[in-house]
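There are 2 protein chains.
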Amino acid sequence: MTGRPKIKDIAAALGVSPATVSRALSDSALVTAETRARVRQTAEALNYRPNVSARNLRTARSMAVLMVVRDVGNPFYLDILKSVEATARAAGYSVLMGNTENDPEREVEYFDMLRDGHADGMILMTGKLPRADGAHHKLPPGAPVVIALETIAGSGFPHVQIDNVAASRAAVEHLIALGHRRIAHITGPLPEIMSADRRDGYRQAMQEAGLAIPEGYEPNGNYLLHSGAAACEALFALAEPPTAIFVANDEMAFGAIHHLRGIGRDVPGDVSVVGFDDLYLSEAFYPPLTTVHQPRFDIGRQAMSILLKMLSGGQVPLEPVVLPATLRIRGTTAPPKS
Amino acid sequence: MTGRPKIKDIAAALGVSPATVSRALSDSALVTAETRARVRQTAEALNYRPNVSARNLRTARSMAVLMVVRDVGNPFYLDILKSVEATARAAGYSVLMGNTENDPEREVEYFDMLRDGHADGMILMTGKLPRADGAHHKLPPGAPVVIALETIAGSGFPHVQIDNVAASRAAVEHLIALGHRRIAHITGPLPEIMSADRRDGYRQAMQEAGLAIPEGYEPNGNYLLHSGAAACEALFALAEPPTAIFVANDEMAFGAIHHLRGIGRDVPGDVSVVGFDDLYLSEAFYPPLTTVHQPRFDIGRQAMSILLKMLSGGQVPLEPVVLPATLRIRGTTAPPKS
DNA sequence: GTGAAAGCGCTAACAG
DNA sequence: CTGTTAGCGCTTTCAC
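Respectively, the protein sequence lines represent chains Z and H.
Residue numbering for the first sequence follows numbering that gives the first Met the number 0, starting at 0 and increasing by one per position.
Residue numbering for the second sequence follows numbering that gives the first Met the number 0, starting at 0 and increasing by one per position.
These are computed hints drawn from the structure, not numbers from a lab.
One thing to keep in mind: the hints can contain errors.
A pair counts as met if it fits within one copy or between any two copies, since identical chains are not told apart.
Below, simulated SDA-like cross-link-like pairs (lysine to any residue); rule was C-alpha separation at most 25 Å, straight line [said to hold, decoys possible]: (1) Lys5 - Asp111; (2) Lys336 - Glu239; (3) Lys336 - Gly215; (4) Lys308 - Ala142; (5) Lys5 - Glu108; (6) Lys336 - Ala236; (7) Lys81 - Val315; (8) Lys81 - Arg327; (9) Lys5 - Leu189; (10) Lys7 - Asp119.
Note that the structure is a prediction, hence the values are computed from the model and not measured.
Produce the entire structure from the sequences given, and follow the hints as far as they go.
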């Protein structure tokens with residue numbers, strides 16, 4: 000025998016039909032325990048592996064799901080990927096990773112992968128659907144798509160998220176409680192909802208405390224290290240720089256702190272900084288970063304569970320699933336100097 | 000028409016044969032520019048997507064490659080993934096990400112994915128082949144597999160790597176040049192070759208400088224943050240702790256520095272630390288980490304290029320491709336105190 | 001409990 | 001240049 004063995008080869012070797020082999024291999028109850036054992040044994044002996052393309056074609060399923068993120072480079076998503084994968088594996092699904100790099104065309108490509116049979120369902124963490132006019136409209140209604148971490152209003156897809164507004168408010172309230180009054184905010188990319196939510200939490204806390212938000216106190220970033228430094232630079236070029244900064248994610252917070260150090264400002268001595276995400280390294284950073292912790296593991300697990308439910312035709316929550324996020328107070332926040 | 004459109008539907012709508020549609024869609028030269036245009040247009044109109052399972056079954060290729068790493072959580076691999084993906088995409092391949100978490104069973108599963116048609120080729124960065132007795136022996140000789148970053152002696156697969164011994168030696172020589180004599184090394188997981196190479200570089204540099212390696216000066220780690228802290232703790236429980244540490248990767252170096260801070264030792268004032276990898280955050284860390292920079296982008300690009308060559312039946316380098324790694328001297332190294 | 005036969009959607013000979 | 005035909009390897013009726 001040459002080439003990879005097929006079901007037919009096993010059948011021939013055993014003098015049974017291909018159908019029986021197929022059934023035995025898939026643990027069908029329609030086959031004797033004994034035949035099953037014999038089939039499994041020769042399959043093993045022949046080093047047989049079922050051809051996935053053939054199976055997928057026949058069953059019209061890929062047993063794979065797609066997880067699409069804005070930036071694989073962000074370790075934050077990786078932790079979620081891990082729990083998504085664990086949950087998926089337990090149900091027999093594998094996980095394909097999609098990375099958009101914020102490129103709308105690539106988002107469209109990933110949507111296409113649902114339709115062309117690459118994957119059966121999808122977890123989206125990109126904060127927006129491709130082209131408002133809508134690649135997702137090509138998907139059948141009720142398509143197995145779950146939105147995690149971000150919000151896509153009116154999409155009709157289930158959501159798993161945290162309350163970004165409340166978490167941000169709590170972070171800023173912490174700074175206010177320490178006595179800060181000149182508090183700035185480095186935003187994520189706008190007008191994405193997640194970024195807007197975090198900014199809104201900041202604004203709410205400021206307003207409730209009766210604090211003004213001076214011109215230039217809301218510089219924009221894009222969640223990347225460098226943009227945190229750049230935004231921070233803009234802040235400290237102001238006539239009245241802040242004594243505290245709430246940064247929309249940890250990575251930018253690292254960049255901001257790095258910049259502050261460069262211009263000779265001590266954190267938290269001169270300036271307090273709060274981040275958002277609680278990355279793996281945030282605690283080992285110096286000073287250990289005060290930040291908002293997100294329940295990454297739960298987010299992934301819940302999102303995947305809902306997706307699995309959709310994939311098996313079950314009911315899914317119509318209301319967003321909102322998980323708790325908590326402020327972790329560490330070493331980058333302190334009372335203002337004066 | 001109900002359900003997803005197939006090639007047949009387009010053919011019917013246009014009054015041509017399915018074969019023509021297939022050809023038009025794949026830009027075959029065997030079809031008029033005009034027919035091609037018409038086909039493309041109705042395909043677009045019908046919102047057609049070719050079924051990948053059917054295509055893969057027919058062509059016996061998946062146009063996907065698998066990149067398997069030890070730990071997706073390590074940002075180091077992500078940068079490589081990005082360049083692998085860019086190179087793969089340019090050639091029409093997509094990339095599947097495999098994560099073994101150092102579990103040999105999972106490595107075997109990924110090998111199986113080559114045989115069951117999930118992927119056409121594979122880039123391995125796990126440092127060892129599954130079960131010495133050998134899952135890879137199930138693969139046909141000359142299987143499209145490239146080993147990156149690590150070495151699998153005698154496997155016969157092409158390798159893309161850096162010279163870990165030389166790079167480590169350079170790192171330790173830097174510490175020696177600063178005047179350190181009590182230099183310790185926190186290793187990666189042994190007996191993996193990459194970890195062993197880095198340790199050997201350390202030993203060579205020490206020996207050449209005529210420096211002894213005291214008992215306990217080579218604590219083991221596993222490349223994770225926490226193990227760096229733990230190994231460091233062991234080091235500073237010694238009667239004569241080191242004045243400098245060469246750590247086998249940045250993540251453990253972060254952990255070690257964090258621990259040193261915890262026990263009141265200043266870096267680099269009291270202790271110098273050198274890492275390995277040059278992670279994205281290493282420069283933003285405080286103090287900025289002195290470390291060995293690896294050419295991540297080139298590693299990914301080269302590995303994928305070689306894989307593509309194998310996939311198209313071309314010749315591949317028999318000798319390992321060795322890329323340069325360079326020491327980046329930053330803020331965690333200084334002369335010893337006394 | 002097992003076998004025979006059909007067909008998933010596509011591409012690649014082979015004719016014309 | 002286009003159409004006809006066959007078949008990739010598997011699963012799943014439908015018979016028995």
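Quiz prompt | Within, between, both or neither, where Lys308 and Ala142 count as close if Cα-Cα is 25 Å or less | solution = within (12 Å within a copy, 38 Å between copies)
Exercise. Using 25 Å as the alpha carbon limit, work out where Lys81 and Val315 are close: within a copy, between copies, both or neither.
Key: Result: close within a single copy only, 22 Å intra versus 34 Å inter.
Exercise. Can you give me the call for Lys336 and Glu239, within, between, both or neither, at a CA distance of at most 25 Å?
Key: within (15 Å within a copy, 41 Å between copies)
Exercise. Can you give me the call for Lys5 and Leu189, within, between, both or neither, at a CA distance of at most 25 Å?
Key: Cα proximity of Lys5 and Leu189: none, with 53 Å in one copy and 40 Å across.
Quiz item: How do Lys81 and Arg327 come out at 25 Å by Cα distance, when the copy is not named: within, between, both, or neither?
Solution: within (22 Å within a copy, 32 Å between copies)
Self-check item: Alpha-carbon proximity context of Lys336 and Ala236, limit 25 Å
Solution: within (19 Å within a copy, 38 Å between copies)
Self-check item: Within, between, both or neither: Lys336, Gly215 at alpha-carbon 25 Å
Solution: within (22 Å within a copy, 45 Å between copies)
Practice problem: Could you figure out if Lys5 and Glu108 sit no more than 25 Å apart (CA to CA) within one copy, between two copies, both or neither? | Solution: between (33 Å within a copy, 19 Å between copies)
Exercise. Check Lys5 against Asp111 for me: Cα-Cα at most 25 Å, and say if that holds within a copy, between copies, both or neither.
Key: Between copies only: 15 Å across, 31 Å inside.
Quiz item: Given identical chains, is Lys7 near Asp119, meaning Cα to Cα at most 25 Å, within a copy, between copies, both, or neither?
Solution: Classified as between; 23 Å across copies, 28 Å inside a copy.
The structure does not agree with numbered hint 9 stated previously, though it agrees with all others.
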